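S.K.: So the chains spell out like this:
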Amino acid sequence: MRVVVGQGSCGVATGARKTSAEFERLIAEAGLDVTVEKTGCIGNCYLEPIVDVYDGDKLLSRYVQIQPEKAADIVERHLKGGEVVSEYAISEADERFLTGQRRIVLRNAGVINPESIEAYMATGGYKAIEKALKEMSPEDVIAEMKVSGLRGRGGAGFPTWFKWDAARKNRGDMKYIVCNADEGDPGAFMDRAVLEGDPHSMLEGMIIGGYAMGASEGVIYVRAEYPLAIHRLELAIDQAREKGFLGNDLFGSGFSFDIRIKAGAGAFVCGEETALIASLEGERGMPRLKPPFPAEKGFWQKPTNINNVESFANVPWIILNGGEAFGAIGTAQSKGTKVFALAGKIKKGGLVEVPMGLPLRDVIYGIGDGIKNDKAFKAVQMGGPSGGCIPASLIDTPVDYENITKTGAIVGSGGMIVMDETTCMVDMARYFLDFTRKESCGKCAYCRVGTKRMLEILERITAGEGQDGDIELLVELAEKIKDGSMCGLGQTAPNPVLTTIRYFRDEYEDHIYRKKCTAHSCKPLLTFTITEDCKGCTLCAKNCPTDAISGERRELHVIDQEKCIKCGKCEESCKFAAILRD
Amino acid sequence: MCENCDCKQGDGAGFAALDPVLEKYGKVPGSLITILQKTQDIYGYLSVDAINHISGRTGVKPAKIYGVATFYTQFRLKPIGKNLIMLCKGTACHVNGADMIEEAISEFLGVGDGETTEDGLFTLNNVACLGCCSLAPVMMVKSAEGEETFGNLTKDKVKAVLAEIRQREQEAAV
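Keeping their order, the protein sequence lines are chains E and Y. Residue numbers for the first sequence follow this note's numbering, so the first one is 46 and each next one is one higher. Residue numbers for the second sequence follow this note's numbering, so the first one is 1254 and each next one is one higher.
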């Protein structure tokens, strides 16, 4: 038997390493013939640490939220006694989280040991590169990709075959293929899960891409904030070299290819191709004008192609199963599946891979099981700082490139942040502008100064100092920034503001004209009062930093609104929920 | 040793630990960011002396190194405390109350974003996203012993975590 403990970053954060160590200790102590192994993130992040018990390849039982102290029960009753410990086993409702999905990119994540190349090969791994090198010409590979209809999963949604073809057609003594693993969108962790859970699938896709475009070197530009992903990638590259999947004359085809890792240093703008290349060259990550496109002049002025992690992870599956099989999934314009990072005010957050075209409702309610604490669903943010907020009224929108773009948001890299009635949309817009303002590289004046000006206006509105004309000024600035910026960062930075104004204009107006935040989130706009539920325990008065609360013991207390600084300390300290925020 | 001033540019004193890094990457084009990352790994931050030393060995002008170091959020120009608190300010954490957690940390430690406590035990850094969005709000604490991630934070929980670290450090100091 095998005990497999999920050890992606989420699992580790909830204590999976301690759980794993405890299993090892108990099993050694009992002298059982059971191995303890690790796997990546299966996606049900809200249930970590997750422990699977296998007999060979057969999954006997999946246990969830297994803190170290629960290990003893499983060892005693299941490993020794052969009985399923039903109180720890995953519930049917939680299993739906997985059964509602269609997994291609995440086919191995949470199933195989990501640190073992043998485990990947046992699932058909590196068969695709063998097939490509032995049976297909580079043109055949590109043709197959064209049939598949795969579009870039990093955000722009550009057809992958087209990029490869352009890079192939450009002549050069040296060509590069780059993997953009600098997952910069706050609220997105799809690529991290692939790198941590199934690094070989990404490597294999990259080797195939290298063959198709005629590159001899691959570079993975990965976030320095993902230490576990870097560690597993390093291991995977070493293993692939050892097995002869990287190096000279692969499979006797004459094609030579190697991959190295370059750790990024934290700059959102490096998601832009030309900025990423500047960063690879050790410079400040500033974008430049295109053309020339990277396919002509990229890394060290050589033809370069950049794809995202998820795009690459799709490639081996496409080569093995055929472009047509991939194209059969999804919609007419958006083929295949897409991985989303479902987070925010959602009951069951985690990684979700679904066919393109599935309605948002099915993702949020069908798989994610709805809103935390059964509050009202207000909006879902897609595409991170370049995207927008889709309101509840559009919840039946199919998730594909065209339909999401119509709403003003973008599919982007796959962040899906769910918001409920307590999330203030003006504050969300302020949050994203604060982010893009900090991340603007400063090259274009509209992006550098414009985002700052927009942020100042949004800060004023959320502080209760909004003025008549602010909304119009925001829209005007937004349009000018879009027109006046060279790269994608500036061109999309105003999107969160524009979509929130489009769908939640009333909230902006409430802030500006009525000085109210209907989500009760912007503190300067709140009024704290004490209700009849007050027992007169005096705790709030003791905690008030400005002595604004008065009242005798066992009697109703009162807040002096003149003195109140709206810090919310009274609300936090009250044990009787007697503080009302309005 | 640089002849023109007393900046000690090119004087290797105190940077012996950096030698293997500079030997490996010093003359490889495009390696500046890698060199700076390894320097920060060793010394915890990029001092003016370190920048001058790297400049002397690689031939890259100090101004350019400074330009690269200030462009990327990963690089620090000031020393940090023994425990680096990386508080996630990603979208999911923001929606789930990361600002409240920052308030609690600031209250407990008396420092704001980018600052270090007087006893040198903690530095607070807000970061864009740690990628553990399902556990929001999240923070990662990095120390010589490694890094540990804490999820589903509340004001009380974050204070308890910090109190525990502080106590451990104080006991170790005795």
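Treat the hints as calculated values from the structure; they're not laboratory data. Quick caveat: nothing in here was measured; it's all calculated off a predicted structure. All C-beta atoms, glycine included, are put in the ideal place defined by N, C-alpha and C. Careful, some of the hints might be misleading.
Cβ-to-Cβ under 8 Å is the rule here; a few derived chain E residues that face chain Y [to be verified]:
{"id": "1", "residue": "127"}
{"id": "2", "residue": "308"}
{"id": "3", "residue": "310"}
{"id": "4", "residue": "329"}
{"id": "5", "residue": "394"}
{"id": "6", "residue": "476"}
S.K.: Take the hints in turn and mark each one as holding or not.
M.R.: Hints and how they fare:
{"no.": "1", "hint": "127", "verdict": "violated (33 Å)"}
{"no.": "2", "hint": "308", "verdict": "holds (6 Å)"}
{"no.": "3", "hint": "310", "verdict": "holds (4 Å)"}
{"no.": "4", "hint": "329", "verdict": "holds (4 Å)"}
{"no.": "5", "hint": "394", "verdict": "holds (4 Å)"}
{"no.": "6", "hint": "476", "verdict": "holds (5 Å)"}
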